[in-house]
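Residue numbers (the working numbering), protein chains in the order written: chain A, 61 to 472; chain B, 261 to 573.
Bear in mind the hints are in silico, worked out from the structure with no lab data behind them.
These figures come from a predicted structure and were not determined experimentally.
Beta carbons: idealized from backbone N, C-alpha and C, even for Gly.
Among these hints, one or two may not hold up.
Unchecked claim - For each label pair, taking beta carbons as the anchor points, the in silico distance ranges come out as:
| id | chain 1 | residue 1 | chain 2 | residue 2 | range |
| --- | --- | --- | --- | --- | --- |
| 1 | B | PHE387 | A | ASP288 | 16 to 26 Å |
| 2 | B | THR422 | A | LYS232 | 54 to 64 Å |
| 3 | B | THR422 | A | GLN360 | 57 to 67 Å |
| 4 | B | TRP533 | A | GLU199 | 21 to 31 Å |
| 5 | A | ASN385 | B | TRP519 | 51 to 61 Å |
| 6 | A | GLN360 | B | TRP519 | 46 to 56 Å |
| 7 | A | ALA139 | B | TRP533 | 33 to 43 Å |
| 8 | B | PHE387 | A | GLY442 | 22 to 32 Å |
| 9 | A | ALA350 | B | VAL264 | 47 to 57 Å |
| 10 | A | LEU434 | B | GLU366 | 33 to 43 Å |
Claimed, not checked - With a straight-line cut-off of 30 Å between C-alpha atoms, the simulated DSSO-like cross-links for lysine-lysine are:
| id | chain 1 | residue 1 | chain 2 | residue 2 |
| --- | --- | --- | --- | --- |
| 11 | A | LYS87 | B | LYS369 |
| 12 | B | LYS369 | A | LYS232 |
| 13 | A | LYS437 | A | LYS448 |
| 14 | B | LYS369 | A | LYS359 |
| 15 | A | LYS439 | B | LYS369 |
| 16 | A | LYS271 | B | LYS369 |
To be verified - With the Cβ distance kept under 7 Å, some of the chain A side facing chain B (calculated, not the full set):
| id | residue |
| --- | --- |
| 17 | THR100 |
| 18 | ALA181 |
| 19 | ASN239 |
| 20 | ASP268 |
| 21 | ARG281 |
| 22 | ASN328 |
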Amino acid sequence: MRVLASAALAAEFVCGTVTGVRADTLKVAVIENLSGAGSTTNREFALATRYWAEQVKARGGIKGGPIEYIEYDSQGSTATAAEKFRSAVADGAHIIIQGGSSGIAGQLTEDVRKHNLRNAAQPVLYINPGSEALELTGEKCHFYFFRFATNADMRVKGLVTAMKEGRDLGTKVFSINQNYSWGKDMQGAIDSYASLGGYTVVDRVLHDTNKIQDFGPYVARIKASGADTVITGNWASDLVLLMKEVATSGLKVKFGTMFLDLPGSLENAGQAALGYYTVESSNKEVGGDAMLALYADYKQRLGHDPSSSETRTIFALQTLEAALNTLDLSKKVDVAAIATALEKARVASPAGEISVRAEDHQAIVPVIISKVSLDAKYKREGLTIGFKPVRVIAGREAVNPVQSSCRMERPS
Amino acid sequence: MDFVAVSLLNGISYGLLLFMVSAGLTLIFGMMGVLNFAHGSFYMLGAYFGYSLARYANFWLALAVAPLAVALIGAFIERFMLRRAHQHGHAHELLLTFGLLFVFEELVKLFYGFYPVEYRMPATLTFAAFTVSGIDYPFFRLFIAVVAVAMFVAIFLLLRFTRAGLIVRAAVHRPQMVGALGHNVPLVFLAVFALGAGMAGLAGTVAGAFYPTSPTMAQELGMIIFVVVVVGGLGSIEGALAASLLIGIFSSFAVGLDWTLADLGTPLGLDRWLSGLGGLLTVRLSTMASAVPFVLMLIVLLIRPAGLMGEKA
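Just chain A, with the same shape it has in the complex (with noise of 0.2 Å):
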C-alpha cells in the first residue's frame, strides 16, 4: 500500500513538474474516531473529506496543484489522536480535519496551537467541521483554528425560539447532557434561554458519554421532575437509547434534539420521534436543486445520503476551495496565507450563505430547525417519516456573539 502510495505520489510529482504547476503537494489529513465509542457518528467527517477529495483531484486539483488526502484514527481518545497529529505532521501534513468529539477536538487544537508556535515557518491550520465546544472558539481560540460547526448557544437559541413559536415548547424542562465540554454548554445554554422560552429548567442532568446502555434511570429520574419538555445534546447512543426508552416507557414529554438526523438515531427511533426538534446546519428540502444534486452525487458515490455532518463538512471544505482559489500556491503551500484568505472567503452554499468571523473564526452558517413528520417532503431512507424544516435562520442572526474569552493572536 505504501509502495502503492509513493509510487501515485511520484507519478503526480513528475506529471506537475512537466507540466509546469506547483509541484508540492497540499497534504490534507483527517484525525478521527474510526474505530472507538461513537466512531460511526465521527467517522462522516473523514467520509465526507474523502468525497471532496476525491472530487477535487478529479478536477485536476486545486488550481492545477495535487492534493492528498490521509487518514489517521484516533480510535476516540485524546492520547492517541495527540500520537496521530505528531504523524500527521510527520507526513507533512498542512490541513487537519477533525469534527467529532470536543474533547479530542480541545486536544487538538492545542497541539496545534504549541507546534505552531514551535515551528512558525511551518504552520498546521486545523479546520473543524463538526466539534461545538464554546472553549474551541473561546479561551482556546487560535489563529489557526478554524469551526464550521455552529455551537450550543447558536442551536439552544434557534430550537427554543421555534418550538415557542410551534407550541411544542413547555413550561418544564429536562435538561440531559453528556458530561464533557459539548454536554455543559449545552447545559448552560438551555438555562440561559430559559427567560427566552418562557420555561423553567426543573432539572439537569450530565452522564458518561456512549456509555451507558440502560437509560431506564434517566427516564425515571425525567418523570420524577415532572417535566413537560426534554432538551439534549446528546448524540449516537446516547440519544438512541434515551429517546427508545422514553418511548417504551410511555412517558408523553416533547424533545428538543441537537442530532437526531445522524444515521441510526431516527431509525432506531421510528414513529416515536414524531414530533420531536432538532437543530442542523442543512436539510435536504432547504436548498433547491443544488442540494438535490449534491444528494444524488454523494449517494451515488457513497451508497447513502449524506447526514448534515457530510453536507457541513463538504461546504466547510468548499470555503476552503475559495479561499485557495484566490491563492498562488504555484512555488508552496502556504498555510499562513490560506487562513488569512479563509477569513475573508465567502460561499453561497445551497442552504445559505458561509463565511468566517475573523475575530474568533467561528464560521457564520445557517441554523436549520426542523420536526420530525409524516409529511416531510424527503423521508428518511426506507422509513416513512422525515424531517420537515420549519424555520430557517440566517447565519448572520444565528450566530452568538464573540466570547470576551478569546484573545486571538494573528502571526505578524
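Got chain A sorted already, so can you dock chain B onto it with the hints?
This is chain B only, laid out in the frame that chain A set:
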C-alpha cells in the same frame, strides 16, 4: 418512593442481563483459566444473528437458533484456536481472544455496516407490563429477566445435580485427575466453552432487540462484564449473579442521586465551605454513575481479593 421502585426494577433487569453475559465468562475462566476477551463478541454475534433471523423468519425462531449458532462458533474457536494456543500458556490464549474481539467487530462492520441496525422487539411483546406512577414498565424488561432467571436455574441444576455437572466441577479443580479417571477432559472444555458462548449469544439475541445492536456493543458491554466476574469471584456462577444484581442496582440508583463529597460535611455544618472549594468535592454521584461498578471492583479487590464468592485467593 416511585423513583425507588422504578430504579430497583430497572436495576434488577439490567443486572440480570449482565448476569446472562458474564455467566459464561466466569464459567469459562473457572474451568479453563482463560480470561476470554472475546466474550462480549459472542453477545454481539447473538444480537446480529438474532436480527438477521428475526428479519427473515421471526423472533422466536431467532431466539432458538441464534444462541446455537453462537455456541457453534464458540466450539470452533475452542477446538481449532484456543486448544492450539493452550500449549504455549495462558498469555497466548489471552492474546488470541483479544485479537478475536477486533476480528469479530470488523466482520460485523463488513456484513452489517457501521451503524446500529433496526433490531426491534416483536410487536407481541411490546406492551406495558404494569404502570408505576405514570411510567409504563415495558414487558420486554421482564422478559429479559425471566430468560436470565431461567438460564440461571438451568445452569445451576445442570452443574449441581447431573453427572455431567459433576465432571465439569471436578475438572475445574483437578483436570489431570479427571483425565486419569478416563474422562475426556478436552471434550468437557469444548462443551463448557460452547455453552458459555451460547449463553452470551442468548443474552445478545434477547437484549439486542431492546438495547441497540451496533458494532461497538461488544466493547461497550465487554468491560462491565469483567467487573462483574471479578467482583463476583472468578469462576463462581452464584457470585456472578450476586455481582450482576449489585452492579445493576447500584448504577441504577446512582443516576438519581446528586450526592457530592461536600455533602459529607453537612452534619458538621461544613458543606458550604466544602462546596466552595470546588473540584472533586462537588462532583455529583449521578455524573459518575458508570464509574460506580469500577469503584465497587476496587473496594472488593482491596477487601476480598477472591471476590464475593470466589474460592481461590
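Outcome of the hint check:
no.: 1; hint: B:PHE387 - A:ASP288: 16 to 26 Å; verdict: holds (24 Å)
no.: 2; hint: B:THR422 - A:LYS232: 54 to 64 Å; verdict: holds (57 Å)
no.: 3; hint: B:THR422 - A:GLN360: 57 to 67 Å; verdict: holds (60 Å)
no.: 4; hint: B:TRP533 - A:GLU199: 21 to 31 Å; verdict: holds (28 Å)
no.: 5; hint: A:ASN385 - B:TRP519: 51 to 61 Å; verdict: holds (58 Å)
no.: 6; hint: A:GLN360 - B:TRP519: 46 to 56 Å; verdict: holds (55 Å)
no.: 7; hint: A:ALA139 - B:TRP533: 33 to 43 Å; verdict: holds (36 Å)
no.: 8; hint: B:PHE387 - A:GLY442: 22 to 32 Å; verdict: holds (25 Å)
no.: 9; hint: A:ALA350 - B:VAL264: 47 to 57 Å; verdict: holds (56 Å)
no.: 10; hint: A:LEU434 - B:GLU366: 33 to 43 Å; verdict: holds (38 Å)
no.: 11; hint: A:LYS87 - B:LYS369; verdict: holds (29 Å)
no.: 12; hint: B:LYS369 - A:LYS232; verdict: violated (41 Å)
no.: 13; hint: A:LYS437 - A:LYS448; verdict: holds (7 Å)
no.: 14; hint: B:LYS369 - A:LYS359; verdict: holds (19 Å)
no.: 15; hint: A:LYS439 - B:LYS369; verdict: holds (25 Å)
no.: 16; hint: A:LYS271 - B:LYS369; verdict: holds (19 Å)
no.: 17; hint: THR100; verdict: holds (5 Å)
no.: 18; hint: ALA181; verdict: violated (40 Å)
no.: 19; hint: ASN239; verdict: holds (5 Å)
no.: 20; hint: ASP268; verdict: holds (4 Å)
no.: 21; hint: ARG281; verdict: holds (5 Å)
no.: 22; hint: ASN328; verdict: holds (6 Å)
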